[in-house]
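A.B. asks: Take a look at the letters that make up each chain.
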Amino acid sequence: MVLEEKKKIEVYDTGGPRLTFSYGPQHPGTGHFRMIVTVSGDTIVDLEPDPGFVHRGEEKMAEYKTWITNIPHLERPAILDAAGMVIPYCLTVEKLMDVEIPGRAKYLRTIVAELDRIASHLYWFSLYGVFLGHTTMFLWCVNDREFILDLSQLITGQRFTHAYYVPGGVRNDAPKQVPKELVKEFKYYYSRMIGREPSQEELSEDFSKYVLAVTHFMELRLDHYYEMFFNSEIFLERVRNIGVLKREDAIRLGVPGTTLRASGVKYDTRVNDPYDAYPFLKFEIPVRNEGDCYARAMVGYQEIRESLKIIRQAIEQMPEGPFKLKQHPVVIKVPKGEALGRAEAARGEIIYYIVSDGTDKPYRLRMITPSFRLLPALKHLTIGARIADIPPIYWSLNYWPVEADR
Amino acid sequence: MTWERLRKIIDDVKEKFGEDLVREVYVEGKIAKIVVKKEFIVEVARYLRDTHGFDHVKGVTGVDLSRLREGGGPYIEVLYHLGSLEDQELNDVILNISVLLDIENPTVSSLYSIWPSVEFHEREVYDMLGVIFNGHPKLERILLPEYWMDIPPLRKEYKVPGRE
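Chains as they are written, first to last, in our numbering: chain A, 1 to 406; chain B, 1001 to 1164.
Don't take each hint at face value.
Each computed PhoX-like pair below joins lysine-lysine, with the alpha-carbon atoms no more than 25 Å apart [to be verified]:
#1 B:K1159 / A:K336
#2 A:K65 / B:K1038
#3 A:K60 / B:K1159
#4 A:K176 / A:K209
#5 B:K1159 / A:K65
#6 A:K326 / B:K1159
#7 B:K1030 / A:K324
#8 A:K176 / A:K309
#9 B:K1030 / A:K361
#10 B:K1030 / A:K333
#11 B:K1159 / A:K333
#12 A:K246 / A:K379
Here are some of the chain B residues that sit facing chain A, going by a computed Cβ distance under 8 Å [stated by the list, open to error]:
#13 D1055
#14 L1139
#15 I1142
Treat the hints as calculated values from the structure; they're not laboratory data.
We put the beta carbon where it would ideally sit given N, CA and C, even for glycine.
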């Protein structure tokens, strides 16, 4: 135990008898993940995260599969954020192969990555809401997410786990038209949720116009979320000044993503180590200084707005042309060497370290996911807190057990 | 620009610790790696933290080199992926430091005292490749079940049942 944590507990510890129990893995507040909690009264004096219940051996599996057949299973750690999981893999393989993908592929990758980021964040907020006793948030987010997933499906062919990215580009081009039924559904849902009919312009069957209409709709809905959830007492009372992660602790513990940015560090791989179409797009990195559960939620909320901005720009700027280098056979050979690639997934920075020995399979594939890097922060924040604070702290970190276990 | 900075850092480390203790793998845009003799890993790590501002570890990787066609051998390589958040220029790059350990007796000093962020990553490498990190506060299984009795699964000699 770190020295300062010891000090903190001395302040809270009532000196009464201690109790150690398992929080999870079946507990509805944790997912497939266990915390071994020791309490004195209802103050947590020790907490040991115990991941591994959904470990699938992705890294070992990757050594048995070819460079292309690795793509679908590497998405599985975070199926809602399939783009975030696979883009850095493709970037690293492209680095090893020394290829540059076509411009249109860069934009298509960026659009799908941002759609996945929005879908992942909406799912995060839906669970965040429901575990803090706010069921409406769950229903709203999951419902609105459908239109984002429909867009993913139109572009990639799948709602999630698209297997859309291949080293050298993307698998197929975006469509020109949107099915009539989808526009009809959108019109119905729009008028029910916003309270008025969408304009004629927004009911176009043209793909780019439809994307713009959906992003506009999502922005209106984000205002609703703010009024109903992010500014509501039910939420604020549970999250303000709870689980405060100081800037220096965030850096010391090496946390990624929204958690890091909510602690006042302006760091986002999309800007700091730009890839795909991000260097050509204008967007902000939301940063807050409080470092509490509320700040982490609000950083995620602002990120959805920025993602919508990115999608709109990317749709407008997307060049014509090929969307991949050439038709990839199932078996490609990657030159010998080692490379390190990274990207910003919905939960933070994800890193791949790949060693190739010139064959059709990776010699070693290492995947460092953002959730795994959140474990020290989870331990740090919960020690000294109350039992009732575990759900807000846990969900504000946006920790995803499957992604951590791989 | 920042890759030039990495280049300078590697040169500086080589100058400080000498060519025979430190060796480099540097391919611009792909990887920048300092391979250190295992006795000096803590010293080099402390030097990188204090002098060059690498304030956290993004991950720790173990690689079993025994079946690598070229450049392999009976070794386990342990890499630390270092990053900096305070230094704006170093934000953009990752520096790797690595040690080669004998596969029969893979033991090395833990870097927990330098960077607390390695805690769970080192546990994972212990779990998956059987590397012992001396001085780690809690070196226990993390992802594998507690009752795992087989050889560490990311060693090349481990065969996945039903695959080979």
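A.B. asks: Please go over all the hints and tell whether each is borne out by the structure.
C.D. replies: Checked hints:
{"no.": "1", "hint": "B:K1159 / A:K336", "verdict": "23 Å, holds"}
{"no.": "2", "hint": "A:K65 / B:K1038", "verdict": "33 Å, violated"}
{"no.": "3", "hint": "A:K60 / B:K1159", "verdict": "10 Å, holds"}
{"no.": "4", "hint": "A:K176 / A:K209", "verdict": "10 Å, holds"}
{"no.": "5", "hint": "B:K1159 / A:K65", "verdict": "14 Å, holds"}
{"no.": "6", "hint": "A:K326 / B:K1159", "verdict": "35 Å, violated"}
{"no.": "7", "hint": "B:K1030 / A:K324", "verdict": "22 Å, holds"}
{"no.": "8", "hint": "A:K176 / A:K309", "verdict": "21 Å, holds"}
{"no.": "9", "hint": "B:K1030 / A:K361", "verdict": "19 Å, holds"}
{"no.": "10", "hint": "B:K1030 / A:K333", "verdict": "18 Å, holds"}
{"no.": "11", "hint": "B:K1159 / A:K333", "verdict": "23 Å, holds"}
{"no.": "12", "hint": "A:K246 / A:K379", "verdict": "14 Å, holds"}
{"no.": "13", "hint": "D1055", "verdict": "5 Å, holds"}
{"no.": "14", "hint": "L1139", "verdict": "14 Å, violated"}
{"no.": "15", "hint": "I1142", "verdict": "6 Å, holds"}
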